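Chemist: Below, each chain spelled out in residue letters.
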Amino acid sequence: MVTVHPWIRLMQQSFTPTEQALLGPYLNDVRARIDLHPRFIDSLMEDHVRALRWYADHGVPVSDGMKRLDPAQLGDFYLRERTAWYPLDTAAKIYPLSMGLKRMTMYRLSFYLKYPVEPEILQMALTYTIRRFPYFATTIKCGLFWHYIDSAMRRFAARPETKTPCAPICLNASSSPTFRVVWYQNRVGVEFFHVLTDGTGATIFLRTLLHEYLRLLGYDTPLDEGIFSLTEAPDPREWVDDFSLADERPAQEGFGHQSALQLRRVLTLQKSSRILHFDLPLPALREAAKERNVTVTTLILSLMMLALKPATETHGGKRKIHIQLPVNMRKYYPSHTLRNFSMYCSISMHPRQITTLENILPEISAQVSRGTSKENLDGTMTLSSKLVRYLRFVPLIIKRPIAYLLYGRLSNGVFTTAFSNLGLITLPEGMRPHVEKFDAVLGPPIRNRLGCSLCSYGEHAMFTIVESSAFPVFENVLYDQLCALSLTPYVEGTA
Amino acid sequence: MEKTPMQVHVTYPQLPPHSFWRRNRRELTRALFAFLAYACALVNLCVGGIPWSLAAIGGLAVIWIVFFYRPLVENTRIKKMTDVGAAICLYLFMLDWIFGVNWSGFVALIVFFADLIIAGTYFLAYFKKEKRNFLPLFELMLGGLVAIFCGLVGWSRLDWPMIVVGSVSLALAILTVALHFTAIRREIQKKIHW
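Just so you know, the sequences run in chain order A and B. Heads up, the first sequence is in my numbering, so the first residue is 122 and it goes up one at a time. Heads up, the second sequence is in my numbering, so the first residue is 1054 and it goes up one at a time.
Keep in mind the hints are simulated off the structure, nothing from the lab. As the structure is a prediction and not an experimental result, all values here were calculated from the model. Among these hints, one or two may not hold up.
[As the list claims (entries may be wrong)] Computed list of chain A residues with no C-beta within reach of chain B, every gap over 10 Å:
{"#": "1", "residue": "P138"}
{"#": "2", "residue": "G180"}
{"#": "3", "residue": "T418"}
{"#": "4", "residue": "R513"}
[To be verified] Lysine-lysine pairs mimicking DSSO-like chemistry, simulated, CA-CA at most 27 Å apart:
{"#": "5", "chain 1": "B", "residue 1": "K1243", "chain 2": "A", "residue 2": "K507"}
{"#": "6", "chain 1": "B", "residue 1": "K1133", "chain 2": "A", "residue 2": "K411"}
{"#": "7", "chain 1": "A", "residue 1": "K520", "chain 2": "B", "residue 2": "K1184"}
{"#": "8", "chain 1": "A", "residue 1": "K507", "chain 2": "A", "residue 2": "K439"}
{"#": "9", "chain 1": "A", "residue 1": "K439", "chain 2": "B", "residue 2": "K1181"}
{"#": "10", "chain 1": "B", "residue 1": "K1181", "chain 2": "A", "residue 2": "K223"}
The beta-carbon is built from N, C-alpha and C at its ideal position, and this holds for glycine as well.
Let the sequences and hints guide you as you build the complete structure.
Modeler: Spelled out as structure tokens, the structure:
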């Protein structure tokens, strides 16, 4: 008995016999460029048929649709076995060691379109975009001493959003992807396991995906900085571990800061329990920072300190509120890498020191300048590199349980929360009319009850709070503080 | 200035409702196993006698590994086979130590080489699919070679199961290299990098 492939059946159901005759050679060409597991072949072929149907339904002639979905764009990405593998960068080594069933260092970057997402086109955009990022088209594997990422021969899927943002990703199959693309209404989010890349790499991937999505919709715009051309071959500098660039310097303080005050209330079983986006007017926020002669980061950190004071454990003792502040090292080194290349510093204050905004701004500003200085960050990078060097011959089987036990204590225990400012995301002029805003969501922390991020685009500054406790003091106080500065946010989030 | 209360506009989908039991089934199963293990240890401590609770706890561990344990990375058939084999071998050694029956050195090695033969045959039969998942088998083979080395230099008893373990390990290593030299060299480079 001859088996009819599901994509052939779909084509027969979706197109008239005349159209089918036109599509036959095209689909044969596509099929000839795919040599994967039969499950993935069927899915990829169905993606093409669905996208062509979408074009036909939206008044695009089949011939035009086939031109936009030119099979040559697949290259041999889905055909030839890719054997490339990538050792984890220095910062990424800890993430697979410390992950658990319900804890994984994920983060999400999303763009919001001005109209609903077209899933069929998004899927095709992802199918083409991933080819330019071979180090993202990977799966995590175990080595004798370290984990590494290995090329995964599979289809990468864009799925409707059905889980909490940054939910752990299933990594244990032979070619499990280490990122996911999800869509909901007008939002497209890419959730990365931190082993792959940091915020900079994620932003480039997201913008390239967005550019390709718009191109497939018929809005072809010239490329801009931070958007990769899909016809270019990937540059090997994009997957280099640039931690080796750091100037060696002794660290002023190790990783083991004094343990930090934590937010009150117990952690919820479901992580993360709530996500809130404060949509702030960017020009007004900049103006408020400028009036006080500080940066936006410093202003937000100060407001966070004020909001954390009533939300943290009962005061007393020497423990302080510590906010982890990641810093992009690309501003100090000429790096082209899309792998992790960021370090962090700690901004801390004792609750007794936290009085009014105007009083704490100078201290926070001084700490930010000190903490984000090249000398300080070089010290932390040197320490990280040394730690990796010392541990390199310890078998994974020994390192893993130790790292799992220590990570929560050393990484989250010494911070009250984290604040990651991804900065301003820019787009070429032709893409701007289609995009409303961007946001960034940090994955739920292990011991902290809170994680915060800021991401700006156009007139919007999206401050995002990820909570793992049902105790709404922080966001309520922060909201009041912002209102007092005439920065009343439009609040969005989970129910 | 009049304060406006914070109003949250929901922009995320309603998650499908799952019961507490379904959401936390892994943790609950783990807690049940831990409870049984502690209970055995406690009863054994109270009633005294031979440490039979260790045998019970070991049995629970073997059941856990066979039926419930799923590695976070590389949850493959080879990994399952080698994990189960290793767990049974260790359990046999423990039973021997507890009850002093003195046959574990013999039986455990038979289990060991049986495991090697099954996992090795599967690996070679499905090499294209499984070549990236060979680390657990590599570790098992290394264990077999170390065992025969210990027997040959007189550090442990050299009996026929030990000789079979060593021979099967060596044969597997030679076969893999002979049949798939380039591919296996590349995989070894990946697995053993620092």
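Chemist: For which of the previously enumerated hints does the structure constitute a violation, in increasing order of number?
Modeler: Numbers 4, 6, 8, 9 and 10 - these are the hints that the structure violates, sorted from lowest upward.
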